[in-house]
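Protein chains in written order, with my numbering: chain G, 1 to 544; chain S, 545 to 682.
No wet-lab data here; the hints were simulated from the structure.
For clarity, every value in this text was computed on a predicted model and none was experimentally measured.
Ideal placement from N, C-alpha and C gives every residue a C-beta, glycine not left out.
Mixed in with the good hints, there may be bad ones.
[What the hints assert, rightly or not] With the C-beta cut set under 8 Å, the calculated list includes, among others, these residues of chain G facing chain S:
id, residue
1, TYR143
2, LEU182
3, TYR184
4, PRO224
5, VAL225
The chain contents come next:
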Amino acid sequence: MSGTLLPLLVAVPLVVGGLLVALPDRLLLGRLLLLGTTGGSTAAGAALVVSQLDGGVVAHRIGLWPAGIAIPFAADMLTALMLTVTGLLTTVCALFAIASGEAARRFFPPLVVVLTAGVNGALLTGDLFNLFVFIEVMLLPSYALLVMAAPRRGTTSRVAGARLYVTVNLLTSTIFLAGVGLLYGVTGSVNMADVAGAAQTDGRAAVAAAVCLLALSIKAAVVPVHGWLARAYPAASPAVTAMFSGLHTKVAIYAVYRIYAVVFGGDERWLWVGVLLFSATMVVGVLGAVGEGTTRSILAFHMVSQIGYILLGVALFGPLGLAAGIFYLLHHMIVKASLFLSTGAVEVRYGTHPLGAVRGIARTEPLVAVAFFAAALSLAGIPPFSGFVAKFSLVQAAVAEGQLAAAVVAVAVSLFTLLSMLKIWSAMFWGEPAAPGADPGSGGRASGPALGGADGARGAAPTAVATRTREETTAETDPRPASTPTATARPARRIGLALALPGVVLAVVTLGLGLGGQLLMSLAQVAAEGLLDPTPYLEAVTSS
Amino acid sequence: MILALTVGVVVAGAVYLLLQREMVRVVLGFVLLGHAANLVIMAAGGASRRGEPLGAEPDPALTADPLPQAFVLTAIVIAFSITMYMLALAVLGRRDDELARGDAADDDGPDGSGGPAGDESSAHDAPDVPARREEVAP
């Protein structure tokens with residue numbers, strides 16, 4: 001793939017987004033265009049991966065302006081892998097949104113397509129200011145997607161989650177912008193090639209780049225600035241949560257990898273900060289999940305924990321650590337989206353409930369249950385899934401770099417992850433289905449106190465919740481009679497194949513990556529080489 | 545120096561406003577914060593040692609740096625659009641300002657008065673209902 005085609009990865013989605021706005025709603029063509037664009041982006045990413053097996057870099061200056069003025073786009077192996085996986089995730093989540101009926105909402109397809117443009121741009125750009133711009137391009141449709149999922153009541157909505165998300169992201173974007181400004185003041189450029197290694201030699205540049213890294217850490221939800229994620233993500237709809245989990249935090253992580261490798265040149269003096277913070281992230285995230293009572297908030301806290309793992313790769317700056325971190329990043333995007341989509345399929349059909357209110361789904365929905373189980377084991381790092389390869393190589397790298405404490409934390413946190421996944425499994429999928437009269441799918445919803453009670457998960461708490469919901473079901477008129485089948489339809493399958501398939505596909509991908517881990521690991525090693533020695537990337541940025 | 549002091553004062557005001565509860569004040573805080581960031585970028589262009597690009601053939605080393613100005617222009621557009629969006633959020637969710645403090649984001653409560661039902665239209669509603677009950681109880 002030649003460099004001149006790179007701008008198409010941004011231009012095509014933007015043009016299609018404009019077209020989709022003009023198209024009338026609920027048209028098949030709109031959905032086809034949506035899937036075609038995201039699928040095309042995936043295919044382009046895969047083509048880039050194939051063309052860069054030798055570690056080459058393709059680059060292009062947009063509009064062929066002279067270097068320094070033009071927006072440089074460059075793609076090495078890391079970029080290509082990220083493009084492929086983000087494209088795949090967006091496609092799968094779009095399929096889920098179509099199956100759940102969410103894609104029929106006004107402006108859903110154009111928003112997702114513009115989101116793709118922003119993600120691709122942020123991954124491709126070789127210039128810090130344009131990174132800021134593309135992150136904003138990515139975020140603006142996300143804000144709208146979040147509010148779209150907000151429950152309505154008359155003319156007002158509950159948009160607390162969306163407000164939190166917008167506020168946090170605007171704050172971090174402003175911090176990032178200030179950091180870029182400071183870096184420009186010190187080095188006179190924001191081009192990756194010109195600022196390469198600046199933070200190693202100049203303390204002022206290091207402070208400026210650290211401000212950028214701080215902003216990206218907030219976006220990636222690193223402890224101690226992780227609090228927003230577990231509150232904002234569950235406010236979205238299942239499809240949107242899955243999409244955000246795969247795209248937003250991961251683009252920030254990609255930028256952290258890139259900036260630390262290029263601007264800091266992998267400076268060894270600051271790696272201990274990373275090891276400390278990212279180990280804390282692993283622990284705090286997994287412990288936070290223990291106290292949560294709904295599946296999506298548990299999964300959101302696990303995301304925080306896993307982000308610690310991913311970023312540990314950059315803190316173990318070396319061929320082993322970086323390759324393990326990149327492998328973990330790609331594995332995590334797939335597995336997390338699979339989990340969100342599997343539990344999301346349950347949520348769409350059975351309603352949003354505290355853990356324990358919906359039980360015994362494995363009997364009626366075996367496909368979703370198997371997909372969830374596979375992805376959960378993969379998240380915890382059990383062979384033969386990709387999580388095992390990821391965690392094993394990461395722990396191996398930590399031991400090789402002498403960070404034994406981090407290795408111990410990584411292993412210990414895995415156990416807690418498994419515990420938490422089993423909590424969801426046993427409370428939601430396993431066990432006897434609830435008695436027909438207590439069918440929580442028909443509208444009742446346990447309130448605050450019961451939510452706390454559900455933390456106990458497997459003991460008496462679920463029955464307490466079920467009793468409570470039964471009372472409420474009888475006490476209230478059902479606000480949405482048409483959206484869920486009646487209680488007598490309980491044994492029947494409610495989740496159609498189209499709704500279950502997205503989660504299953506991603507679970508199969510993680511199994512494939514686990515069995516054929518060597519393939520992705522060798523690609524991750526090529527990507528790690530590109531970060532260890534960024535010279536080819538930088539030359540491509542300047543001389544394309 | 546004046547620029548640096550200005551940035552400091554503006555950021556102080558922005559932080560004060562951001563810590564307020566009402567959404568509109570938070571939005572105003574972000575307006576100030578955006579201005580502060582823009583001033584930082586302007587200062588990064590060497591505003592203190594460069595003059596206006598006037599005359600027939602201005603010397604690029606002595607005249608104002610155009611790149612930070614382009615940055616600021618882009619940043620203003622982005623900040624402006626998000627400000628409008630946040631104001632829309634302030635109107636759309638104006639009930640959120642009135643809610644009792646506490647965990648409003650993820651409390652799923654029973655929703656008796658749910659509006660027109662969408663897919664999950666009542667999924668996150670009504671953490672205020674228990675609060676009201678508490679008020680009634682004593």
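Evaluated hints:
Checking TYR143 (chain G) against chain S by beta carbon gives a least distance of about 6 Å; that is within 8 Å, so the hint holds. At about 6 Å, the closest approach between the beta carbon of LEU182 (chain G) and any beta carbon in chain S falls short of 8 Å, and the interface hint on this residue holds. The interface hint given for TYR184 (chain G) holds, since its Cβ lies 5 Å from the closest Cβ of chain S, which is under the 8 Å cut-off. For PRO224 (chain G), the interface hint is violated, since its Cβ never comes within 8 Å of a Cβ in chain S; the closest pair sits about 18 Å apart.
Using the Cβ-Cβ criterion of 8 Å, the hint placing VAL225 (chain G) at the interface with chain S is not satisfied: the shortest such distance is roughly 15 Å.
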